[in-house]
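Taken in sequence, the protein lines are chains A and B.
Position 245 of the first sequence, counting from 1, maps to 245 under the numbering used here, and the rest follow consecutively.
Position 126 of the second sequence, counting from 1, maps to 126 under the numbering used here, and the rest follow consecutively.
The hints are simulated quantities; they were obtained by calculation from the structure and are not laboratory data.
These figures come from a predicted structure and were not determined experimentally.
Please note that the accuracy of each hint is not assured.
Pairs of lysine-lysine, BS3-like flavour, derived with a Cα cap of 30 Å [said to hold, decoys possible]:
1. Lys147/A - Lys241/B
2. Lys105/A - Lys29/B
3. Lys105/A - Lys150/B
4. Lys241/B - Lys150/B
Covered, in the sense of this in silico footprint (three residues per stretch, anywhere, with C-beta under 8 Å from a C-beta of chain B), are these stretches of chain A [stated by the list, open to error]:
5. 69-79
6. 234-241
Beta carbons are placed, not taken as given, at the ideal position from N, Cα and C, and that holds for glycine.
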Amino acid sequence: MKPQSGSILRNTLTLIVVVLLAWQALYWIVGEVALRSPLQTFAFAAKFMSTPQFAQHLAETAQAFGLALLLAIAIGLTIGFTLGASRFLSDVFEPMLIALYSIPKITLYPILLLAFGLGMSSKVAFGTIHGVIPIALFTITAVRNVKRVYLKTGRVMGLSPLDTIARIVFPAALPEIFAGLRIGFSLTLIGTLLGEMFASQRGLGFLLMSAIGLHNVDLIMALTLLLTVFAGTASVVLLALNQRLYARSR
Amino acid sequence: MRGPLLWRLLVLAGFVGLLEVLCLTGVIKPLTMQAPHRIVTDLVAMLVSGALNRAIAKTLGNAFIAFVIAVVLGVTSALVIHRLRRVRDTLEPLFATYYAIPVFAFYPLLIILLGLGDAPQIFIGAMLGIVAVIVNTLNGLDRVPNVLLKTARVNQMGAVETALRVTLPCASPYILTGAKLAVAYSLIGIIGAEFIMSSGGMGYEISFAYNNFDNATMYPLILLILVVSITINMGIARWEKALMARRGLR
């Protein structure tokens with residue numbers, strides 16, 4: 001049922017062409033007030049990318065995103081392995097995690113601002129709270145679904161708990177954990193950007209927000225394009241890797 | 001089942017109690033956060049006085065409209081996409097990327113297209129929710145047993161009748177999973193849009209209160225949003241569980 005990686009490439013290309021056509025058509029309908037054509041946007045984005053201003057904001061966002069992702073992965077995996085290993089703990093905490101996952105986290109941004117202040121730490125926190133829960137939830141399921149036989153084998157071999165995790169649980173659960181990381185990646189990115197939009201004076205999210213405020217259509221379009229391309233490329237690559245992992249584990 | 005539930009309540013109570021103690025002893029400054037009991041009394045006072053009831057009704061009403069649009073359109077398009085293999089393969093990368101795209105960047109465009117009213121906010125809310133519904137509905141449609149489809153064919157049902165009587169009821173637990181996400185996403189869309197640019201609604205009131213250090217308004221509003229989304233989600237989850245239990249799953 002799953003498409004091969006060759007067809008992923010073809011599908012993505014088809015999708016890109018369709019999106020570009022729709023974009024151009026929408027531009028003809030809406031006009032200059034609110035949109036730029038794909039060509040104009042590409043030209044502006046290329047020009048904008050070579051400015052030092054862009055490099056500065058990009059570095060800021062990259063740093064915040066990197067930190068947030070690291071934190072999300074570290075905390076998510078820790079929660080996932082702890083809860084996944086114990087029936088009781090996961091019975092108690094998993095529904096709470098699901099409830100946390102379902103709340104609109106955007107409403108929490110004023111609280112984070114008050115707690116962490118304007119700047120790096122609050123946007124890292126915002127990115128982390130978006131990414132950590134899916135990673136934890138996927139890891140819990142993955143760890144719980146590791147075959148009993150594997151664990152028994154490990155016990156027979158007299159593996160220490162740490163060795164059991166490193167040599168049995170982690171490899172066996174990897175494809176599913178990776179699926180969680182893939183989703184965590186996207187959500188951390190969007191969380192960091194949202195954090196920058198509302199709670200920062202630097203970074204691409206802040207640029208986007210100020211462009212929205214000034215109605216700088218060129219900049220809005222160029223930034224949206226760049227972010228979408230980055231997020232899209234990353235998630236397609238991760239998806240392809242994930243499918244390879246699943247295929248190998250079968 | 002009683003045991004974990006009790007523990008969950010204890011953990012929750014412990015957490016709230018800890019916050020209460022930290023706030024009362026001044027470790028958390030009143031400017032950062034008010035004691036939980038104050039938030040609750042403020043919320044009750046706010047609801048009774050009715051000062052913000054218009055904003056609350058506006059936001060929750062819009063979120064509800066966005067939710068209904070997302071579910072109805074999402075399920076319908078999933079039914080169509082499910083039959084068109086090629087379209088589905090092409091859309092797959094979009095679905096994987098979708099939640100990493102900063103949809104709020106399109107808000108200014110939507111305002112120009114749809115005017116400065118509730119429409120662009122509802123559009124964003126629905127846009128955010130619809131993909132979650134589509135993806136989960138497709139997942140559910142994939143799991144409809146072939147036997148049921150054959151039965152439908154033997155009974156000479158048309159495409160619409162098959163969908164209404166066989167495939168949709170069979171896929172309903174998965175659709176509900178999508179609906180749960182759509183609840184959160186429609187709230188995120190509406191409130192986020194209100195944060196960015198609007199003249200009313202809970203998001204607007206929260207950011208207004210935040211800018212004025214008016215914690216007595218901000219925290220109760222945030223609490224209300226959290227309570228509403230968690231309650232709705234738990235309701236749907238219960239329904240989902242009942243459906244699964246009736247089928248002898250889980």
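A quick look at each hint next to the structure:
1. Lys147/A - Lys241/B: holds, 25 Å
2. Lys105/A - Lys29/B: Between lysine 105/A and lysine 29/B the Cα gap is close to 23 Å, so the pair holds against 30 Å.
3. Lys105/A - Lys150/B: With Cα atoms ~44 Å apart, lysine 105/A and lysine 150/B exceed 30 Å; violated.
4. Lys241/B - Lys150/B: holds, 27 Å
5. 69-79: It is violated: at least three residues are needed, and the stretch 69-79 of chain A offers just 0 whose Cβ sits closer than 8 Å to chain B.
6. 234-241: Coverage by chain B holds here, the residue count being 4 at a Cβ distance below 8 Å.
In summary, the structure is inconsistent with hints 3, 5 from the numbered list given earlier, while agreeing with the others.
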